[in-house]
Amino acid sequence: MAEDPVHDGKRFDPMEPWKGVRDIYLDAWGKTMVDMVNSEAYAQATGAVLDTYLTVSAPFREAVEKAMLKTLEQLAMPSRADVVSIAGRMTNIEMRLDDLDAKLDGIQRLIVQAGTAPLAEPRPAHQRSKPPASKKTSSAKKAKRGKK
Amino acid sequence: MAEAPVLTDPFTEAAERLKTLTKVMSTKAAIGQTPKELVWTLNKAKLYRYTPVLPQEQRHPVPVVLVFALMNRPYILDLRPGHSFVEYMVNKGYDLYLLDWGAPGPEDKNLTFDDYTLDYMPRAIRKLKATFGVEEFSLLGWCIGAILTTIYAALRGDEDGLRNLILLTAPLDFSDKQNLTFARWTDERYFDVDKVLATFGNMPGEMIDYGAKALKPVENYVGNYVKLWDNIDDPRMVESWHAMNTWVTDNVPLAGGAFRQLIVDLYRKDKLMRGELMIRGQRVDLSRIHANLLTVIAEDDHITPSCQSEPIMAKVSSADKELFRVRGGHIGIMAGSGASKFTWPHIDGWLAPRSK
Numbered sequence: 000m001a002e003d004p005v006h007d008g009k010r011f012d013p014m015e016p017w018k019g020v021r022d023i024y025l026d027a028w029g030k031t032m033v034d035m036v037n038s039e040a041y042a043q044a045t046g047a048v049l050d051t052y053l054t055v056s057a058p059f060r061e062a063v064e065k066a067m068l069k070t071l072e073q074l075a076m077p078s079r080a081d082v083v084s085i086a087g088r089m090t091n092i093e094m095r096l097d098d099l100d101a102k103l104d105g106i107q108r109l110i111v112q113a114g115t116a117p118l119a120e121p122r123p124a125h126q127r128s129k130p131p132a133s134k135k136t137s138s139a140k141k142a143k144r145g146k147k
Numbered sequence: 000m001a002e003a004p005v006l007t008d009p010f011t012e013a014a015e016r017l018k019t020l021t022k023v024m025s026t027k028a029a030i031g032q033t034p035k036e037l038v039w040t041l042n043k044a045k046l047y048r049y050t051p052v053l054p055q056e057q058r059h060p061v062p063v064v065l066v067f068a069l070m071n072r073p074y075i076l077d078l079r080p081g082h083s084f085v086e087y088m089v090n091k092g093y094d095l096y097l098l099d100w101g102a103p104g105p106e107d108k109n110l111t112f113d114d115y116t117l118d119y120m121p122r123a124i125r126k127l128k129a130t131f132g133v134e135e136f137s138l139l140g141w142c143i144g145a146i147l148t149t150i151y152a153a154l155r156g157d158e159d160g161l162r163n164l165i166l167l168t169a170p171l172d173f174s175d176k177q178n179l180t181f182a183r184w185t186d187e188r189y190f191d192v193d194k195v196l197a198t199f200g201n202m203p204g205e206m207i208d209y210g211a212k213a214l215k216p217v218e219n220y221v222g223n224y225v226k227l228w229d230n231i232d233d234p235r236m237v238e239s240w241h242a243m244n245t246w247v248t249d250n251v252p253l254a255g256g257a258f259r260q261l262i263v264d265l266y267r268k269d270k271l272m273r274g275e276l277m278i279r280g281q282r283v284d285l286s287r288i289h290a291n292l293l294t295v296i297a298e299d300d301h302i303t304p305s306c307q308s309e310p311i312m313a314k315v316s317s318a319d320k321e322l323f324r325v326r327g328g329h330i331g332i333m334a335g336s337g338a339s340k341f342t343w344p345h346i347d348g349w350l351a352p353r354s355k
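Line order of the protein sequences matches chains A and B.
Start counting the first sequence at 0; every next residue gets the next number (numbering that gives the first Met the number 0).
Start counting the second sequence at 0; every next residue gets the next number (numbering that gives the first Met the number 0).
Among these hints, one or two may not hold up.
Okay, derived cross-link-like pairs now, BS3-like style, lysine-lysine, Cα gap no bigger than 25 Å in a straight line [stated by the list, open to error]:
1. K22/B <-> K30/A
2. K108/B <-> K65/A
3. K212/B <-> K22/B
4. K22/B <-> K226/B
Distance windows between CB atoms, simulated [claimed, not checked]:
5. V20/A <-> D284/B: 54 to 60 Å
6. N109/B <-> W28/A: 19 to 25 Å
7. V63/A <-> S25/B: 26 to 32 Å
8. D299/B <-> S38/A: 17 to 23 Å
9. N230/B <-> I23/A: 17 to 23 Å
10. T31/A <-> G81/B: 36 to 42 Å
11. R95/A <-> N109/B: 44 to 50 Å
12. T31/A <-> A14/B: 31 to 37 Å
13. D299/B <-> V48/A: 39 to 45 Å
14. R353/B <-> V20/A: 38 to 44 Å
In case anyone wonders, no lab produced these hints; they're calculated from the structure.
A virtual CB, placed ideally from N, CA and C, is assigned to each residue, including glycine.
Same shape as in the complex, but just chain A (with noise of 0.2 Å):
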């Protein structure tokens, strides 16, 4: 009687003898690919094709940017560049405040050297001083401080 092939624990599979040959049809495949790339001639051509690519959508790139520049502009609503400029200042303000911060750790080291025993365990997240606050965190503030 013929074994069971669900109960023997390896099930017979007919594309067994398939996956064998695929295995090294796609191994020598993949040799030839790897010795390709590695080839002066592929590094030429992809650069090729990339600067092509870059020369040809370049006036189609000019167009657009310039037709969403104008409309942006009816609809008096910031362009990137604008956006750009903002995060920049944002950066900026964000270091100085990180400046502060530091200061502020040293003062309030010192404070712990000159008084009490110093920090031996890390301070709980709720004790400690908050990082620089997000850009949204930091527009809810102004926000607030508005409403005042």
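Go by the hints and put chain B onto chain A.
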């Protein structure tokens, strides 16, 4: 009495497999689940502290800061519960921090290695030291993160209290052009870096992803999916593939200024190893690195061949240094199935006595 065989017809099996395939191809796995809190932030960069699981007296007093590459998400270090370097190190009693660079926007196109190593890293370390009252720390840099940590160690390491430096698959030496496919592709005869950056601002994540995958095109574009299909009935294998695929497809652009430095100053001119790299007017002199050094090399690494990582051993002034070779690929040595057996225990074994 014998159990009745479970009867499944081939169509039902095929339908189940296709369902699994669709799920893993169209959804994101839950990754980076080790609990952590935000300690510091600047622009897109964030410093996290992983919540310790051991009481302070059982922990190593010297904290460890993980610095991953700029163009990939760092959660490869914390891929999934039970298979996470972060989880492993936290369980071993390390006070562990992660410097996550975030994704640069158009406003960050001029960020360079100078900014990352002299603005972001010193500030993050300053905050760490002030908040947790430590004077010394260890740095672990992986891939481009290892370039940043090396530059930082040479410029600020002694001043800031860097005790241990671990470099994983660090691309530092670019002199052997024959072995570097990226060097060939980005040769100035074929690749106009200024034109690319003038168009995109930052180097798009998709292009970086293509570059990494094209090094082994059949393996990455065909073999990877064949492997999934062959093991589609194995839930553990599928879970692992899903998590890795989630990370691989989550690309981050590389800031334009940093990309230009990587290509022009490193891949083309090999300035770091020649001692000619200038960071904000300071020469990066590798002999100024005195921290204990562990360099980990992946023997089957096709992205950073060993010839790029080895030469730093002769350049640094560290009295205590070790080169560790491990079987595996660029990512596999830290996130593959053998990572928890070889790489992680070795890092722990090296770091623990140096973290007292």
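Earlier hints that do not hold, by number: Numbers 1, 6, 11, 13, 14 - these are the hints that the structure violates, sorted from lowest upward.
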